[in-house]
Amino acid sequence: MNSVYDRKFSFFQLMMLLLCGVLILVTLTPMLNIIAVSLSGRNAIAKGLVGLIPREFTLEGYKSVFSNRNIVNSLFYSVALTVGFVLLTTFMTILAAYALSRETLKSRRIFLTIITITMYIDAGIIPHYLLVSKLGMINTVWALIIPGMISPFNLIILRTFFLGINKSLFEAAYMDGCGEWGCLFRIAVPLSMPSISSIMLFYGISRWNSISDVMYYENRTQFYTLQYQVKLMLDSISIDYNANELEEVLVTPENIRSAAIVFAMVPMLIFYPFVQKYFTKGVNIGGVKE
Amino acid sequence: MNRKLSRIKRNIPLYIMLIIPMVYILLFKYVPMLGTVVAFKKYNIFKGIIASDWVGFKHFKEAFAAREFRLAIRNTLILNIGGLIINFPFPIVTAILLSEMRYKKVKKITETILYIPHFLSMVVIAGIMYQVFGPRGIVNGLFGRTGASAIPFMTNEISWRLIYWGSGVWSGLGYGMIIYLAAIAGINTELYDAAYIDGAGRWKRIWHVTLPQMRPTIVTMTVMNVGKILSIGFERPYLLSNVAVKNASSVISTYVYSVGLQAGRYDFAAAVGVFQSVVCVCMVLIANKVARKLGEEGIM
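Listed in order, the protein sequences are those of chains A and B. Heads up: the first sequence begins at 1 in our numbering, then just goes up one per residue. Heads up: the second sequence begins at 1 in our numbering, then just goes up one per residue.
Just so you know, not all the hints are guaranteed correct.
[Claimed, not checked] No farther apart than 20 Å at their CA atoms in a straight line, the calculated lysine to any residue pairs in the SDA-like style are these:
(1) B:LYS104 to A:PRO273
(2) B:LYS204 to B:PRO89
(3) A:LYS277 to B:ALA182
(4) B:LYS9 to A:GLY182
(5) B:LYS9 to A:GLU103
(6) B:LYS105 to A:LEU131
(7) A:LYS106 to B:ASN2
(8) A:LYS134 to B:ILE45
(9) B:LYS105 to A:GLY21
(10) B:LYS105 to A:LYS47
(11) B:LYS293 to B:ARG215
(12) A:LYS106 to B:LYS228
(13) A:LYS106 to B:ARG3
(14) B:LYS104 to A:GLY21
(15) A:LYS281 to B:ILE109
(16) B:LYS108 to A:LEU23
(17) B:LYS108 to A:TYR278
(18) A:LYS47 to B:PHE153
(19) B:LYS228 to A:ASP122
(20) B:LYS108 to A:GLU60
(21) A:LYS106 to B:ILE19
(22) A:LYS281 to B:LYS104
(23) B:LYS228 to A:THR118
(24) B:LYS228 to A:ILE121
(25) B:LYS42 to A:LEU131
(26) B:LYS9 to A:GLU171
(27) B:LYS204 to A:PHE12
(28) A:LYS281 to B:TYR175
(29) A:LYS277 to B:SER99
(30) B:LYS105 to A:ILE121
(31) B:LYS9 to A:LYS134
(32) A:LYS134 to B:LEU261
(33) A:LYS106 to B:LYS9
(34) A:LYS106 to B:LYS108
[Unchecked claim] Some residues of chain A that are not near chain B, with every Cβ distance over 12 Å (derived):
(35) ASN68
(36) ASN70
(37) TYR77
(38) LEU95
Keep in mind that the hints were calculated from the coordinates and are not lab data. Beta carbons: idealized from backbone N, C-alpha and C, even for Gly.
Could you put the whole structure together from the sequences, leaning on the hints where they help?
Listed below in structure tokens is the structure:
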């Protein structure tokens, strides 16, 4: 674009490299610092010596995180919950998005309007809570799955993509005796894998990271997700920390806290490189208006 | 006639596909909208919403008389308006500057890294903020002040607000940038060629080509954000707050949570929620009108 008029080595480009460096540094420093603190010993942290490299290396923080049964169990639970949630929500979104993308369906405008309105009007949390409670879903895993089953935003993204598929493909398949289910699973879905991956990613991130619905709907430890267990651990440590400040303990609360945060952060970071390319794609399709 | 019949027959699978999604939308999006009538009732848990007695606008009057409610509105507006202003320039400026990069590899790497915080949960972000700005954190360390002489960033209202906004910039910059990068990538290169031939330098090209071409995107995004001025997420203020900054961190969403779900006053909390929703819808409609007036398409 504009940059083609530039020589490669100009003062401006040098400044740009510098800017990129600053941006990368500002973004990564807090995360690297947390990792460093999680691996550091008590004295170094107390003296404020820990920057981006661990000092007085110790794994005590991680030992105490891994010895917390609640956290370790909630990791497996959260993975299973997220996978189940993503499969269900994606399947339902595909069904609705496909049906609403078909021009043969004359009533699709009405359905689409009904769905779009819900993007702008929200009843608030109390009526939602009363409904979920009325349906008997409080303190069941369903309260974390069913209320978020279809995101209108993701549905619009996928529908936009389905609309872009060449109509003649469907017509040809129809001539060959392929029904709508066949068209969906043999043409639309295989051709839209990048978009489907994007919405799977959006559903996955939201389920994995969200704690608000866990707080609203769940009172039993077995339904607490990893993020919520880590939150509870962070809360309890700061209380212990005040009580035991004068006692000599081997590890400082800071490195336990940080180890818990790293533990909550790492699964996403491992996942990130594989899904990163679907991320921008999805956001951009979502930005294209109706 | 035969064709019409066969079209209906062909559409049956489409209706089957739509059954569960539409039942879901009606049950989980529209039924709660009807459920907001609880805001006008004296909710009795045994009678249910429908049989409970009407009380009219009692809960609304009570809410407006409550100090905590006015505080929550004030804080929501401060945090949202401040966030809107502080967050506005960063994604736009960063997207424009990154598009001027000749080193495409460096640009790609920078983008990839800037997206990372969007994948972190609020629990992790709040935890990081408390560590980084804590009494033994890296920021106090940089000032050479640790332990007793440390600056209490998280427990001072003003610095807490700055951290609230700052953490929003930190975690949202990459995400906010994506749409602007796409807008810039879509600009017709002939415009730049023409500007170049007319002798426009880099800054003139940015000012007279890039920015005007980004205008629709900027207006749309801003309109959407202004429309959300009274709606605030629950997790960010809840997780970042602490006892010392309660007067700055209590917002509508956390207020509804504490009076509704924790104290069990569903009817009163629903009234607060209804007030918020009504203001939100009005704001979106007004913002949309303004966008149209500015000559843009608006969002609806």
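Here is how each hint holds up against the structure:
{"no.": "1", "hint": "B:LYS104 to A:PRO273", "result": "holds, 18 Å"}
{"no.": "2", "hint": "B:LYS204 to B:PRO89", "result": "holds, 19 Å"}
{"no.": "3", "hint": "A:LYS277 to B:ALA182", "result": "holds, 14 Å"}
{"no.": "4", "hint": "B:LYS9 to A:GLY182", "result": "holds, 15 Å"}
{"no.": "5", "hint": "B:LYS9 to A:GLU103", "result": "holds, 14 Å"}
{"no.": "6", "hint": "B:LYS105 to A:LEU131", "result": "violated, 51 Å"}
{"no.": "7", "hint": "A:LYS106 to B:ASN2", "result": "holds, 17 Å"}
{"no.": "8", "hint": "A:LYS134 to B:ILE45", "result": "holds, 11 Å"}
{"no.": "9", "hint": "B:LYS105 to A:GLY21", "result": "holds, 13 Å"}
{"no.": "10", "hint": "B:LYS105 to A:LYS47", "result": "violated, 39 Å"}
{"no.": "11", "hint": "B:LYS293 to B:ARG215", "result": "holds, 14 Å"}
{"no.": "12", "hint": "A:LYS106 to B:LYS228", "result": "violated, 33 Å"}
{"no.": "13", "hint": "A:LYS106 to B:ARG3", "result": "holds, 14 Å"}
{"no.": "14", "hint": "B:LYS104 to A:GLY21", "result": "holds, 14 Å"}
{"no.": "15", "hint": "A:LYS281 to B:ILE109", "result": "holds, 16 Å"}
{"no.": "16", "hint": "B:LYS108 to A:LEU23", "result": "holds, 13 Å"}
{"no.": "17", "hint": "B:LYS108 to A:TYR278", "result": "holds, 14 Å"}
{"no.": "18", "hint": "A:LYS47 to B:PHE153", "result": "holds, 18 Å"}
{"no.": "19", "hint": "B:LYS228 to A:ASP122", "result": "holds, 12 Å"}
{"no.": "20", "hint": "B:LYS108 to A:GLU60", "result": "violated, 37 Å"}
{"no.": "21", "hint": "A:LYS106 to B:ILE19", "result": "holds, 16 Å"}
{"no.": "22", "hint": "A:LYS281 to B:LYS104", "result": "holds, 18 Å"}
{"no.": "23", "hint": "B:LYS228 to A:THR118", "result": "holds, 15 Å"}
{"no.": "24", "hint": "B:LYS228 to A:ILE121", "result": "holds, 11 Å"}
{"no.": "25", "hint": "B:LYS42 to A:LEU131", "result": "holds, 17 Å"}
{"no.": "26", "hint": "B:LYS9 to A:GLU171", "result": "holds, 16 Å"}
{"no.": "27", "hint": "B:LYS204 to A:PHE12", "result": "holds, 15 Å"}
{"no.": "28", "hint": "A:LYS281 to B:TYR175", "result": "holds, 12 Å"}
{"no.": "29", "hint": "A:LYS277 to B:SER99", "result": "holds, 18 Å"}
{"no.": "30", "hint": "B:LYS105 to A:ILE121", "result": "violated, 42 Å"}
{"no.": "31", "hint": "B:LYS9 to A:LYS134", "result": "violated, 38 Å"}
{"no.": "32", "hint": "A:LYS134 to B:LEU261", "result": "holds, 15 Å"}
{"no.": "33", "hint": "A:LYS106 to B:LYS9", "result": "holds, 13 Å"}
{"no.": "34", "hint": "A:LYS106 to B:LYS108", "result": "violated, 44 Å"}
{"no.": "35", "hint": "ASN68", "result": "holds, 15 Å"}
{"no.": "36", "hint": "ASN70", "result": "holds, 14 Å"}
{"no.": "37", "hint": "TYR77", "result": "holds, 15 Å"}
{"no.": "38", "hint": "LEU95", "result": "violated, 4 Å"}
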